[in-house]
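The chain contents come next:
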Amino acid sequence: MKHFRGLSLIIITAIVLSLVGSSANAIELSELEKSVIMIRATNQDFNFQMPWKQGNRASGVGTGFVIAGNRILTNAHNVANGREIELRKQNTAQRFTAKVVFVSHSCDLAILEPEDPMFFFGTEPLEIGGIPKVNSTVQTCGYPMGGQLLSVTEGVVSRVQMSVYSHPRADSHLVVQTDAAINPGNSGGPVIQDGKVVGVAFQGLTSGDNIGYMIPTPVINHFLKDIEDGTVNDFGNSGFVTANVLHCDAFKKYIKLPADQDGAVVVDTQANSTVDGVLLANDVITAIDEYNVDNDGMINIYGMRLLMDEAIEQKQIGEEVTYTFYRDGQEKQMTVEVLPNMPLLSLTKQYDIEPKYCLYSGLVFTNLSRNYLEAIGGAPTFQLRYLLNHSMETKFDPKREEFVVLSAVLSDEVNTYTDGFTNELVEKINGVQIWSLADVLKAFEKDVDGFFVVEFKGQNKPLVLDAQKARDSHRAIMEKYNVPAETNVKVQD
Amino acid sequence: MRNINKYGLALLAVCMLTLSACQPVAKIENASVDLSDKFKVSMAYVEVTTYPWETFQSWKQGDPGTSGGYGIAVAKDEIIYPANKVIDATDIKVKPFGQDDFVKASVKITDYESNLALLKLETEKMAQPMVPVEFYDIYKKGAEVEFFKLKSNGVVDSGRAFIDDHQVSGISISYTRHLYFKLANVSQALSSGEIITLDGKPIGMGSWSSGSNSGGIVVAKVINHFLEDNKDGVYKGFPTPAFSTTRLIDPTMRRYLGVPAEIKNGCYVTNVNPIGTGADVLKKGDVILAIDGKELDAYGRYMDPIFKEMSYYPLITDKQIGDNIKFEIYRDGKKMELDVTAANFKVEEMLIDYYTYGKQPEYIITNGFVFHKLTRPYVTAQGAGRALPRIEGYLNDESYKATKDRQDIVVLTFTIPLPTNRGYQNYSQLVVKNVNGTKISNIAQMDQLLAENKEEFHVIQFEGNYPDLVIPVAQAKEIDTMYLPKMYGIKQMKNIEKSKVN
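Heads up: the protein sequence lines correspond to chains A and B, in order. Sequential numbering from 1 applies to the first sequence in our numbering. Sequential numbering from 494 applies to the second sequence in our numbering.
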């Protein structure tokens with residue numbers, strides 16, 4: 001139930017620093033000053049086309065706050081790909097170095113720990129509250145748009161819904177929308193009601209006025225519970241795709257569902273999920289645990305009407321979920337373990353992970369990822385677009401671990417005529433099917449009658465190199481382009 | 494070899510004609526005589542009203558439009574005219590030189606590939622017979638040409654330009670390529686149908702304008718092929734290559750394909766469609782060394798005695814349907830000669846019809862669901878990049894590949910919202926796979942399956958992750974016959990070409 005949506009959400013870490021006076025009429029300001037801290041982080045991105053090179057380096061300001069157990073909660077995007085993290089408290093000039101202890105890029109939350117435990121001298125942890133009611137007042141605290149002093153703004157809760165988190169791009173979780181000003185630098189700051197944290201400010205909508213979003217407490221609590229065992233497992237996924245066609249009476253009758261029964265109709269299941277091969281097309285999901293599913297695929301939970309995904313969102317990986325469903329007019333139940341979302345082609349953006357590559361004779365191969373697609377920019381080639389649009393509904397060979405693309409050609413005499421293949425999907429190298437990057441260099445060990453032949457999906461011509469010349473020039477090309485190693489992929493035998 | 498001789502003779506004949514006509518023309522030019530007088534008896538002003546069908550709401554027609562142009566007489570009551578100007582024509586009026594009243598005309602032949610149409614005038618309304626123009630196959634790069642047209646007010650107008658270059662190219666209405674001359678410094682924009690003359694001789698017909706002052710003309714060779722073809726009353730059209738090629742300049746790739754080092758020429762066959770010239774003989778991966786005895790270079794060009802380097806297309810399009818064309822190729826490391834029969838195809842033979850000119854799109858509406866036969870205009874009308882990759886994939890890769898089991902791709906286009914189709918109203922661009930349990934080959938079969946169904950529901954299944962579409966048959970009948978006609982004025986619930994029913 002993960003979808004790729006083009007919402008223009010903006011992450012609100014301040015990049016540009018300008019002086020803006022802080023709000024003066026903040027409630028309990030002196031108390032908040034003990035809990036809310038400024039985070040300055042320097043990050044360095046990865047280069048997804050030529051992964052041995054470093055990407056851009058940038059510094060930004062965000063906000064964090066102290067929670068129980070001497071921990072600092074903030075947004076993952078404040079510290080993603082971070083190299084250096086510095087904390088500042090409101091009332092002292094002293095700077096503290098911190099490190100990331102836990103991070104979930106999926107729900108944009110991170111826990112930081114200062115190197116010096118003296119940091120917590122004089123701090124007060126904030127308590128996590130509940131979900132604020134729509135139209136109730138909340139205060140947002142943080143360090144927006146520069147300035148050394150804490151800023152507090154007030155607004156009302158506009159609505160609570162599921163929405164795409166712009167940091168991972170493709171993951172949806174619960175959000176609370178507010179009209180309190182949330183600006184760059186507010187990221188990671190607490191949203192307060194009745195002295196308790198009801199959310200973490202994290203993104204805004206650029207196309208509308210006064211639309212800011214915070215991460216609500218069900219998501220925060222899920223993260224805090226998730227890390228109790230010392231690891232981040234993130235959120236589970238139902239593993240099935242549904243359609244809201246029970247609005248059509250004829251369809252209801254066709255699948256022999258009682259006329260008064262609501263639910264969502266299964267159209268497909270995802271490979272690597274607990275329901276793959278168990279749930280079938282035209283099964284009707286009528287309840288998830290105790291929550292009844294309506295014809296819009298929604299449930300009543302936390303006193304609100306939310307997408308049924310929320311019933312799985314609140315569970316930890318490894319917990320059980322019970323689906324009630326109808327098949328051929330019979331009600332059935334099934335209890336399965338909640339598993340993480342593991343699609344073959346993930347549209348979630350990755351952070352803190354070095355991209356993989358292989359290089360042979362100037363041909364650079366990498367695995368297809370969200371980051372790669374963002375790096376090449378523009379419209380992807382037809383084959384990539386096809387894969388992105390239809391990957392959920394295509395049954396891939398179970399041997400496939402990932403998709404491999406030719407990301408660049410480091411120009412040399414040996415590969416002079418290889419233009420036109422960049423950004424295409426590699427199918428075979430020297431007759432060997434490529435299921436993962438680890439297969440690439442192995443496939444170059446044996447030539448085909450003196451040639452290296454790379455075949456691409458949907459291309460009517462292979463890329464052909466003279467095997468001997470390619471072997472001879474392989475190292476020289478690496479030297480010419482300062483490539484430290486031919487691969488960073490560990491090959492298992 | 495027989496064909497080369499024929500071609501050679503034709504060229505020779507043209508040369509002789511040129512020589513014999515040389516003297517008087519020179520005199521005329523010296524005396525600055527206006528050639529308008531010579532050609533006016535062959536000119537006509539043409540007015541065409543078109544009324545195209547809408548692509549998606551295919552039960553309706555768009556706004557009628559009228560455009561003017563210029564025809565050139567090729568018989569006493571026949572003119573040639575650009576084919577793109579008569580697409581979806583409902584009314585054609587022609588005013589030949591020397592009369593003020595219009596004469597009704599009808600389309601006799603259209604060849605969208607060469608952008609030529611032959612229009613027949615109602616003879617009895619004509620004040621006098623027109624004088625046919627003879628087209629001369631001559632080309633001089635950089636030479637000045639003069640062009641003439643008969644304006645709507647009966648006055649002959651002329652303009653000048655230079656022959657900038659020749660080009661073998663496809664125009665937007667066509668799926669193949671032809672030889673055109675490109676004109677530069679055009680004194681007044683070519684619109685269509687002007688007589689283009691070089692040294693006082695007609696060499697082509699104005700076809701298009703591009704940019705501020707350049708334009709293109711359909712050349713004599715193509716016009717004469719078109720006219721010659723029709724002489725026996727059966728128009729067959731130009732042969733069309735079934736294959737596409739790409740350059741083969743990489744020495745490693747050449748060796749990999751088994752081409753010996755001493756052979757430096759030949760281009761690479763990237764794709765062979767099942768219809769057209771070479772469909773049954775050429776294979777993807779072949780290296781074409783020569784066509785009809787003319788050696789192709791690594792870019793697929795041959796050395797033409799007049800035009801110098803030129804794409805191989807004319808080596809095929811110049812032939813007549815059924816002619817034998819010798820191909821010399823490399824395949825699997827062996828040089829071989831292939832006998833290829835010059836062939837073309839009708840656009841209806843394609844899986845995704847390249848165009849639907851003059852035809853109402855094929856569609857079925859039931860229960861508010863609008864299904865269409867997928868065509869290229871259907872995809873292009875969505876706008877660039879708007880079609881789903883699945884649809885785009887059919888267009889890119891399968892367009893020519895109709896089989897008995899798959900003659901059409903049928904697509905759910907949109908849904909007219911009704912209480913009986915709730916839940917489905919957001920679906921569009923879905924490719925129909927099965928109708929009532931049967932895999933469909935074409936839209937006519939889908940229509941038949943819907944008509945024959947005795948069950949309570951129609952069940953339509955799509956390619957990809959979509960729910961079955963369930964249509965209550967009895968309610969749908971009421972909607973189709975009562976509600977949609979009354980509320981939306983839709984009178985025609987389907988348009989199916991009967992020819993394809995299995």
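Any given hint could turn out to be false.
To be verified - Below, computed lysine to aspartate or glutamate pairings styled on EDC-like, alpha-carbon distance capped at 20 Å:
id	chain 1	residue 1	chain 2	residue 2
1	A	LYS256	B	GLU949
2	A	LYS349	A	ASP328
3	A	LYS461	B	ASP594
4	A	LYS256	B	GLU948
5	B	LYS613	B	GLU627
6	B	LYS970	A	ASP249
7	B	LYS827	B	ASP890
8	A	LYS315	A	ASP449
9	B	LYS533	B	ASP581
10	A	LYS457	B	GLU830
11	A	LYS461	B	ASP890
12	B	LYS644	B	ASP725
13	B	LYS932	B	ASP961
14	A	LYS399	A	GLU319
15	A	LYS457	B	ASP594
16	A	LYS256	B	ASP890
17	B	LYS777	A	GLU455
18	A	LYS253	B	GLU949
What the hints contain is simulated information worked out from the structure, not anything from laboratory work. Quick caveat, the model's predicted, so the values are computed rather than measured.
Are the Cα positions of LYS613 (chain B) and GLU627 (chain B) separated by 20 Å at most?
-> Satisfied, since the Cα-Cα distance of roughly 18 Å is no more than 20 Å.
For the pair we were handed, LYS256 (chain A) and GLU949 (chain B), check the Cα-Cα distance against 20 Å.
-> holds (13 Å)
Quickly compare the C-alpha distance for LYS315 (chain A) and ASP449 (chain A) to 20 Å and report which way the hint goes.
-> violated (56 Å)
Can the restraint linking LYS533 (chain B) and ASP581 (chain B) be considered satisfied, given a maximum Cα separation of 20 Å?
-> violated (29 Å)
20 Å Cα cutoff - pair LYS970 (chain B), ASP249 (chain A) | Since the Cα atoms of LYS970 (chain B) and ASP249 (chain A) sit roughly 16 Å apart, the hinted pair holds (cutoff 20 Å).
Restraint status (C-alpha distance of LYS457 (chain A) to GLU830 (chain B) at most 20 Å) = With Cα atoms ~31 Å apart, LYS457 (chain A) and GLU830 (chain B) exceed 20 Å; violated.
Quick one, are LYS256 (chain A) and GLU948 (chain B) close enough, alpha carbons at most 20 Å?
-> holds (15 Å)
Pair hint outcome, LYS777 (chain B) versus GLU455 (chain A) [Cα-Cα no greater than 20 Å] | Holds - the C-alpha atoms of GLU455 (chain A) and LYS777 (chain B) are around 14 Å apart, at most 20 Å.
Does GLU949 (chain B) lie within 20 Å of LYS253 (chain A) when you go C-alpha to C-alpha?
-> holds (10 Å)
Between LYS461 (chain A) and ASP594 (chain B), does the CA-CA distance stay at or below 20 Å?
-> Roughly 59 Å separates the two Cα atoms, so the pair is violated.
Within 20 Å, alpha carbon to alpha carbon, are LYS644 (chain B) and ASP725 (chain B)?
-> violated (33 Å)
Pair hint LYS256 (chain A) and ASP890 (chain B), alpha-carbon separation not exceeding 20 Å = It is violated: about 40 Å lies between the C-alpha atoms, which goes past 20 Å.
When each numbered hint is compared with the structure, violations occur for hints 2, 3, 7, 8, 9, 10, 12, 14, 15, 16.
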